[in-house]
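Participant: In case you want the letters, here they are:
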Amino acid sequence: MKKAVSVMVLVAVAALSILCFGNVASAGEEIKMVGVITKIEIAGADAKTATATLKDNKTEQPVVITVNDDLTLDKFKDHRIVEGDEIRCKYEVIDGKNVSKLFRKTAGC
Amino acid sequence: MSKKSVTAVVLCLALAATAALAASEHPGKESIEKNGYKGPETCEECHPGTAKAFLDTVHWKHASKVTNVDNLNPKLEYGMKNRIYVMCNGNDIVNNLKEIPKSPITGKSKFSGCNTCHPGNHLSDVGSTGPAAAAAVDCLVCHSTDYDFRQRKPFKNEKGEVVMGQDRSVKAALAIGKPTVKNCMVCHEAAGGGVIVKRGFTFTKDTDAHAAKGMVCVDCHKAKNHKMPSGHDPNNWANDGVFVSCADTSCHGVKPHKDADLNRHSAKIACQTCHIPRTGGAFAKDFTVWEQTADKFYEPTTLKKEANETTPVYAWYNGTVKNTPHFIGPKGSRKDGKSKITPFKIFQGRAYYNKQTGQLLSMDFAQPMSSGDTRAGVLSAAKTLGLKNPEKIAKEAVPGWQTVYFGSNHLVTKTKALYCANCHAPNGVLNFKDLGYSDKEIVKLTSPELYMEKVAKKQKEEW
Numbered sequence: 163m164k165k166a167v168s169v170m171v172l173v174a175v176a177a178l179s180i181l182c183f184g185n186v187a188s189a190g191e192e193i194k195m196v197g198v199i200t201k202i203e204i205a206g207a208d209a210k211t212a213t214a215t216l217k218d219n220k221t222e223q224p225v226v227i228t229v230n231d232d233l234t235l236d237k238f239k240d241h242r243i244v245e246g247d248e249i250r251c252k253y254e255v256i257d258g259k260n261v262s263k264l265f266r267k268t269a270g271c
Numbered sequence: 004m005s006k007k008s009v010t011a012v013v014l015c016l017a018l019a020a021t022a023a024l025a026a027s028e029h030p031g032k033e034s035i036e037k038n039g040y041k042g043p044e045t046c047e048e049c050h051p052g053t054a055k056a057f058l059d060t061v062h063w064k065h066a067s068k069v070t071n072v073d074n075l076n077p078k079l080e081y082g083m084k085n086r087i088y089v090m091c092n093g094n095d096i097v098n099n100l101k102e103i104p105k106s107p108i109t110g111k112s113k114f115s116g117c118n119t120c121h122p123g124n125h126l127s128d129v130g131s132t133g134p135a136a137a138a139a140v141d142c143l144v145c146h147s148t149d150y151d152f153r154q155r156k157p158f159k160n161e162k163g164e165v166v167m168g169q170d171r172s173v174k175a176a177l178a179i180g181k182p183t184v185k186n187c188m189v190c191h192e193a194a195g196g197g198v199i200v201k202r203g204f205t206f207t208k209d210t211d212a213h214a215a216k217g218m219v220c221v222d223c224h225k226a227k228n229h230k231m232p233s234g235h236d237p238n239n240w241a242n243d244g245v246f247v248s249c250a251d252t253s254c255h256g257v258k259p260h261k262d263a264d265l266n267r268h269s270a271k272i273a274c275q276t277c278h279i280p281r282t283g284g285a286f287a288k289d290f291t292v293w294e295q296t297a298d299k300f301y302e303p304t305t306l307k308k309e310a311n312e313t314t315p316v317y318a319w320y321n322g323t324v325k326n327t328p329h330f331i332g333p334k335g336s337r338k339d340g341k342s343k344i345t346p347f348k349i350f351q352g353r354a355y356y357n358k359q360t361g362q363l364l365s366m367d368f369a370q371p372m373s374s375g376d377t378r379a380g381v382l383s384a385a386k387t388l389g390l391k392n393p394e395k396i397a398k399e400a401v402p403g404w405q406t407v408y409f410g411s412n413h414l415v416t417k418t419k420a421l422y423c424a425n426c427h428a429p430n431g432v433l434n435f436k437d438l439g440y441s442d443k444e445i446v447k448l449t450s451p452e453l454y455m456e457k458v459a460k461k462q463k464e465e466w
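Chains A and B, in that order, give the protein sequences. With the first sequence counted from 1, adding 162 to any position gets you this note's numbering. With the second sequence counted from 1, adding 3 to any position gets you this note's numbering.
Just to be clear, a hint being listed does not mean it is correct.
As the list claims (entries may be wrong) - Stretch-level coverage of chain A by chain B, calculated; a stretch enters the list once three of its residues show a Cβ under 8 Å from a Cβ in chain B:
{"id": "1", "region": "196 to 208"}
{"id": "2", "region": "251 to 258"}
{"id": "3", "region": "264 to 271"}
Treat the hints as calculated values from the structure; they're not laboratory data. Think of the CB as a built atom: it goes at the ideal place given N, C-alpha and C, for glycine as much as any other residue.
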């Protein structure tokens with residue numbers, strides 16, 4: 163019994179740690195990241211949505227971001243934002259998608 | 004309605020539609036389709052002399068004579084071309100577009116320079132003149148809504164010279180017209196080292212009352228012969244000699260409110276004070292310490308906020324500017340008869356100062372961007388500017404801070420404008436003491452006595 167209780171306590175502590183300190187996004191939570199675009203997928207000049215894959219500078223993992231705002235879509239269309247650009251991004255997980263709330267090039271002149 | 008009347012109405016509608024269509028389409032389409040687009044030469048078929056005239060504008064020269072700023076030589080021109088201050092510690096001269104030294108970590112290089120936004124091809128650069136310069140003007144970057152920005156990248160030509168590419172395609176040329184917000188923001192949104200760094204605003208329907216009305220930048224900054232009207236920002240020195248103000252008769256006039264009490268305010272309070280209660284962008288930078296980025300190059304350490312995320316500071320401003328090595332900001336007083344209480348975006352930056360003279364030094368970004376070595380940037384700039392003993396200057400340079408007041412002239416709001424109690428209350432938005440009011444006056448200025456009766460009456464009417 164003692165062993166079972168210890169295991170349960172350990173599991174609870176581990177779960178709590180993940181919830182508190184883990185980088186796992188939950189719906190509605192705004193996540194910030196900086197990363198370099200490795201891929202942009204947009205379907206033509208009239209597209210109302212696009213995806214951009216960013217390589218997270220901290221984790222080096224790819225993160226696929228869904229972009230719906232007109233200003234950023236326009237920057238994809240006229241290539242003001244292209245693959246290789248470093249991006250400062252805020253996103254929320256909505257229906258399993260990382261939906262962009264802010265998508266800005268870090269560079270300027 | 005008779006058949007004749009119906010026919011007349013239909014004809015009128017058809018004519019109106021045709022006229023509207025013709026008005027939205029720039030003439031010359033057939034010529035461009037037939038002959039191709041050859042740069043300014045093509046534009047000049049209908050706009051003769053325009054390219055040459057453009058060479059005499061601030062957009063091309065990045066400088067002009069400046070008459071309202073202390074400690075400047077009235078015979079010389081000042082602007083992004085040659086200014087030394089702490090938002091952009093480089094300028095077009097010392098931080099000219101070039102390939103920076105290879106990163107000691109990655110062995111890679113890249114192009115960088117303050118003049119990347121200049122609308123020439125870099126061979127004809129900031130302030131250049133003559134036929135080659137006129138032919139190098141990138142008309143379409145400001146006038147086309149279908150510009151391919153993959154073309155506008157620096158590259159080296161066969162002579163090893165750095166050239167800024169341009170999109171001179173027929174496709175881009177067929178999409179010309181009055182500059183849109185996007186055309187202006189291509190350069191203006193990323194000035195100072197990144198998006199919303201320098202000016203701290205976006206011009207969208209969510210952030211600006213004028214944008215929400217469908218207005219574009221050039222509706223207020225209405226240029227004539229490419230001379231662009233600007234405001235009186237204490238930190239925006241170069242100008243085309245033409246200015247824009249909210250109070251212009253074609254805009255809001257000197258009595259913009261229905262309420263006489265509010266109009267009385269506008270004699271001493273700038274419109275922006277109530278109607279631009281927020282600002283944003285960079286609030287501090289350190290050019291003496293550069294941070295490594297993901298690509299292993301370096302950038303100046305920059306602290307910043309989004310548009311509308313910071314609050315302005317307020318000061319009396321009469322349109323003239325104090326300019327010292329540690330301060331650039333408004334001059335004015337309550338009693339000079341010209342000043343108004345005006346909001347400013349406050350910014351502080353650290354950079355190197357000349358130990359001997361106390362003057363602020365400028366920096367070539369190539370070296371610090373490559374290796375983080377900021378003194379190497381100071382040395383390169385000192386050499387470019389022909390300073391005596393550049394090695395000694397760079398070695399002994401002393402870090403120091405400069406405070407800069409930027410004009411806060413965008414992010415206009417009607418619905419979230421300041422109201423009576425924002426200012427006329429203890430610890431309100433305005434620090435009346437700092438603004439020169441006596442203790443006795445402050446007691447009066449911070450009491451609801453000033454507005455109680457009137458606002459109570461209004462509140463009753465509204466509810």
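Participant: Enumerate the violated hints, using their earlier numbering and listing them in ascending order.
Facilitator: 2
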